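The listed protein sequences derive, respectively, from chains C and R.
Each residue of the first sequence is one higher than the one before, starting from 1 at the first, in the numbering used here.
Each residue of the second sequence is one higher than the one before, starting from 1 at the first, in the numbering used here.
Derived by calculation from the structure, the hints in this document are not laboratory data.
Treat the hints loosely; a few may be bogus.
Some chain R residues near chain C, calculated using beta-carbon distances under 10 Å [said to hold, decoys possible]:
no.: 1; residue: I52
no.: 2; residue: V191
no.: 3; residue: G202
Every value quoted in this text rests on a predicted model; they were computed, and no experiment measured them.
Glycine is no exception: its CB is placed at the ideal position from the N, C-alpha and C atoms.
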Amino acid sequence: MQALGLDVLFKGQNFIRLLGGLGVALRISLIAVVISIPAGVLLGTLMTKKNPVIRGILRFYLEFMRIMPQMVLLFLVFFGSTRSLGLDLSGETSAVIVFSLWGTAEMSDLVRGAITSIPRHQYDAAAALCLSERQTYYYIIFPQALRRLLPLSINLITRMIKTTSLVLMIGVVEIIKVAQQIIEANRMSSPNAAFGVYLTVFMMYFLACFPISMLARFLEKRFYE
Amino acid sequence: MNPEIIGQYLPLYGEAAILTVELGFLGVLFSAVVGLFCAAVLYLRVPILRQIVWIYIELSRNTPLLIQLFFIYYGLPKVGIRTTPAVCGVAGLTFLGGSYMAEAFRSGLEAVPKIQEESALSLGMTKAQAIRLVILPQAFSVSVPALVANVIFLLKETSVFSAVSLMDLMFTAKNLIGLYYDTTEALFLLVVFYLIILLPVGVLGTVLEKRVRYAGFGS
Chain C
1 MQALGLDVLF
11 KGQNFIRLLG
21 GLGVALRISL
31 IAVVISIPAG
41 VLLGTLMTKK
51 NPVIRGILRF
61 YLEFMRIMPQ
71 MVLLFLVFFG
81 STRSLGLDLS
91 GETSAVIVFS
101 LWGTAEMSDL
111 VRGAITSIPR
121 HQYDAAAALC
131 LSERQTYYYI
141 IFPQALRRLL
151 PLSINLITRM
161 IKTTSLVLMI
171 GVVEIIKVAQ
181 QIIEANRMSS
191 PNAAFGVYLT
201 VFMMYFLACF
211 PISMLARFLE
221 KRFYE
Chain R
1 MNPEIIGQYL
11 PLYGEAAILT
21 VELGFLGVLF
31 SAVVGLFCAA
41 VLYLRVPILR
51 QIVWIYIELS
61 RNTPLLIQLF
71 FIYYGLPKVG
81 IRTTPAVCGV
91 AGLTFLGGSY
101 MAEAFRSGLE
111 AVPKIQEESA
121 LSLGMTKAQA
131 IRLVILPQAF
141 SVSVPALVAN
151 VIFLLKETSV
161 FSAVSLMDLM
171 FTAKNLIGLY
181 YDTTEALFLL
191 VVFYLIILLP
201 VGVLGTVLEK
211 RVRYAGFGS
């Protein structure tokens with residue numbers, strides 16, 4: 001135990017501090033998810049419309065967000081905003097902005113996919129029943145799309161949690177930063193702490209994401225049968 | 001934006017891009033090998049190995065690459081496993097990518113109806129022939145979209161390599177911003193170089209998807 005640095009975790013507040021670090025990452029993902037889901041539903045629905053201008057703009061936004069590594073997006077907002085807009089955004093604010101924009105793009109694509117998977121005759125039948133467009137979406141399309149959407153959007157949450165680990169690179173004090181501090185502080189007393197501490201961080205991320213993945217898979221099985 | 005500065009930075013970014021592509025390519029290649037192996041284990045229901053593969057897939061899919069790299073690069077040396085940054089990067093990418101590739105191959109294999117194998121066997125093919133000539137080609141054509149998505153995903157993930165002090169594109173950009181404050185130029189080149197790497201892969205993937213779709217028989 002001593003040699004691998006697991007004892008370091010139980011010194012003082014270390015374990016609580018690590019959890020706090022994970023909390024920062026989870027908080028950023030939670031805020032981003034809460035913003036992305038409604039925004040994604042809105043944009044995704046707009047994307048199914050025929051208007052070529054709206055479609056073109058959304059398509060460009062979506063493709064750019066998806067092809068750029070999230071690290072690049074973080075850098076663009078964190079460093080770019082200071083230079084070109086004169087804003088001084090904190091790392092955490094930049095992270096929330098980036099992950100909301102990215103999450104919205106991903107979510108809108110999921111929504112678009114779910115809506116276009118609804119067969120054409122559902123729209124026709126709704127029109128034949130004299131439902132207005134809003135009623136069609138509200139009563140007919142969304143409830144059916146939701147079944148396909150739910151597992152996918154829960155998967156998006158785990159992706160979001162995993163991706164927020166990147167905020168380390170723009171100086172947000174999150175779980176890895178705390179881990180580094182703990183390892184540094186105990187350099188003399190337990191030089192091998194890095195193994196145990198990073199293994200713990202690894203397992204903490206796993207324990208945060210695994211139940212959510214399982215839930216997504218469970219829902220997927222249920223809805224597709 | 002100053003074109004002179006961009007000219008000065010270009011060679012630096014070029015080198016970094018080559019490193020990114022090299023490591024990314026190796027990572028994708030090894031991931032595909034690992035993924036194929038894991039998918040075979042799951043498909044053939046090899047006892048014990050199957051449980052190990054399952055644990056590996058869950059561990060790898062539910063943790064971020066950054067954490068995996070930190071563990072490999074800073075944690076493992078403490079138990080005597082030392083790696084260079086480049087080896088660590090490729091190892092991390094393979095650990096992550098292996099599970100994604102495994103899932104892609106497995107879903108392809110499972111999409112081939114049982115009747116295909118039974119028909120092949122009833123025509124007098126051996127099990128090995130049935131797998132090689134009947135099942136694999138069809139499974140592959142189903143897997144292609146997921147495989148292409150994985151390749152792009154893995155290439156994007158190489159952007160965290162700078163965390164283990166590899167001189168990749170992110171590292172170069174961050175370095176130049178820190179040294180000279182030419183933020184706009186540095187970020188512009190960063191975006192351009194990632195587009196140069198990723199756009200052709202995306203386009204190639206779409207072409208490949210269109211071509212292999214015809215291989216899907218009986219569906």
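Each hint tested on the structure:
With its C-beta approaching chain C no nearer than about 16 Å, R:I52 sits outside the 10 Å limit, and its interface hint is violated. For the restraint placing R:V191 at the interface with chain C, the shortest Cβ-Cβ distance is roughly 6 Å, inside the 10 Å limit, so the hint holds. With a cut of 10 Å, the hint placing R:G202 at the interface with chain C holds, because the nearest CB-to-CB distance is about 7 Å.
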